[in-house]
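Chain order of the listed sequences is W and Z. So in the working numbering, spot 190 of the first sequence is number 173, and the numbers just go up one at a time. Going from the second sequence to the working numbering is simple: count from 1 and add 13.
Mixed in with the good hints there might be a few duds.
[Stated by the list, open to error] To spell it out: a stretch of chain W is covered by chain Z in this simulated footprint if at least three of its residues, at any positions, have a beta carbon under 8 Å from a beta carbon of chain Z; those stretches are: (1) 21 to 31; (2) 38 to 45; (3) 56 to 67.
Because the hints were derived from the structure by calculation, they are not lab data. Idealized CB from N, CA, C, for every residue including glycine.
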Amino acid sequence: MNNDLLLKIDELKVSIGDRNILKGLNLEINEGETHIIMGPNGAGKSTLGNVLMGHPEYKIDSGNIYFNGEDINGLSVDERAKRGLFLSFQYPEEISGVTVENFLRTSKMAVTGENVPILEFQKQLKEKMDLLQIPEEYKERYLNVGFSGGEKKKNEILQMAILDPKLAILDETDSGLDVDAIKVIYEGIKILKEGKKSFLVITHYNKILDYLAPDFVHILVDGKIVETGSADLANRIEELGYENFKK
Amino acid sequence: MLKNYRAQNIKEYEMLPNPYWKRINEEILFPEKVLDYNKDIIAEKNFDNVMDVDEELCFKYIKYLELDRNYGLGEKFLRFSEGLSNTGLFIDIEAGDKGNRARIDLNIDSENPILVDHNLIICRENSELDIFINYEDDKKTNGFHNGFTKIYVEKGAKLNLYKIQNYSQEIQHFDSSVIFVDEDAEVNIIDVQLGSKLKGVNYDVGLKGDRSFCDIKNVYLGTDKDKMDFNYDINFLGRNSKGYVESVGALTDKAWKVFRSTENFIKGCKKSEGSAKEYVILLNKDVKSHAIPALFCTEDDVIGDHAASAGQLDGNKMFYLMNRGLDKEAAKILVVESSFVPILEGLPEENMKKTIINLVKDRLGGD
């Protein structure tokens, strides 16, 4: 495999129950690249994110997922996280009784397998919270409990910033947010997009193009990528919709 | 008088058959002989009026000791403590005396394997008392504990009671409490039940006075083949009285639990309000969980509700946590911790919460 190749999805077919969702999907992401997946409702965009992270409800019928050259089809969710995959949830879970700070430190130690000294961690947390304009008192609040939609999404990006994955999958991080919240989140991502970090951004909107310059835009329709192009492709979608891509 | 009081109770105890708890399919066997208990149970206190039980004291307090009906886990348990107790305390807080605090250790070890306590707590008018009771053992003694505590909280008084039971699986644990709450008086209880292979816990509260208040919160854990029976009864008698029960637990392995709670609104308790809620996380398909909430009402101007729910581990929550690098066991423990913490937040000291969370992690096999 190519040294730069981070993720390779090969003829992936996935079902949930008796419903086929992904029907032979191919995708390659190199280190440092940003890919955008766009598509109509029900095309399989969120399924792709969940399957990459190993959600147990989805069944891989055929095909393979390679991450850093390793076939990860058989790996548990946490093992994938430890290898550098991260999924930002469309609907983040609320975990009462566990503060944002404690959860993030626990996660950081779980992902890296190393102890994270508390002072060093607090410094890092403050930096990232400032970047995402999250008030400091949020670190003492229970994870996502009582958070608005925008706060939950910001918290997802905060987690991404702390855990520092190799590939971040952002599942409709911009949905349900007002323009100001989208701006803060995408500007945060823009700053966090450094070095070899790669992104797979699942979105309905091309607003992201104002902040992130994607290397590729893919159109996902009925479980398959039907077209791949540059940022211009997203603009065409804005003008023409998905009808032209449906066979 | 003590001799008569105890002798009469022993006589009644001996005539009673061993209870059979059909819900958990268990006959309760009592020790053949109650040995002396030679440990001091008061670990810490900042007031003087704590008394060891003697004949004169029982005579003085007889009207508080003799109850109008049977309360608690059942007659056999009550008579056992009243007749054969080998330790116990009478606490009588004077009217208006505030800031009182005591820590009591009801511990079991190889020298003291049988612990039978009989206690009386009286908080006189407008007094305040915080009591912490810890239950520990040496983790190697096959032991037995039965306790019976009678509590009177008089007009305007406030009692906070915190119990943390962390016995090993070698211990059987039975605990009955009857609590009478007068006008404008308040009782807050946090009862944490982590250990013991066979346990029965019973609270019977009488909200006698107008605007009386009682809040009982319970956290429990069942592992291995633990069997447990929890019962929380609140009787609403005074007007505008408020009584709440909230229980949160987790069961794993082959643990077996029964939760009962009865809200009894008695005619005349107008404008009273009560609720009983139980939520249990089932960590394993082999556990058994019974919830029996009940509501009786002979007064129409009240608000009462109850709810009980049992759920497997939330798959989406587990997926979310594992996404952040936590393995299945760590994620499971975090979900349990997350359900316990809102109740443990009510403990007055942060380190108590941390200690309990660590005990839960240990018992569930975490780091």
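Status of each hint after checking the structure:
no. : hint     : result
1   : 21 to 31 : violated (count 0)
2   : 38 to 45 : holds (count 3)
3   : 56 to 67 : holds (count 5)
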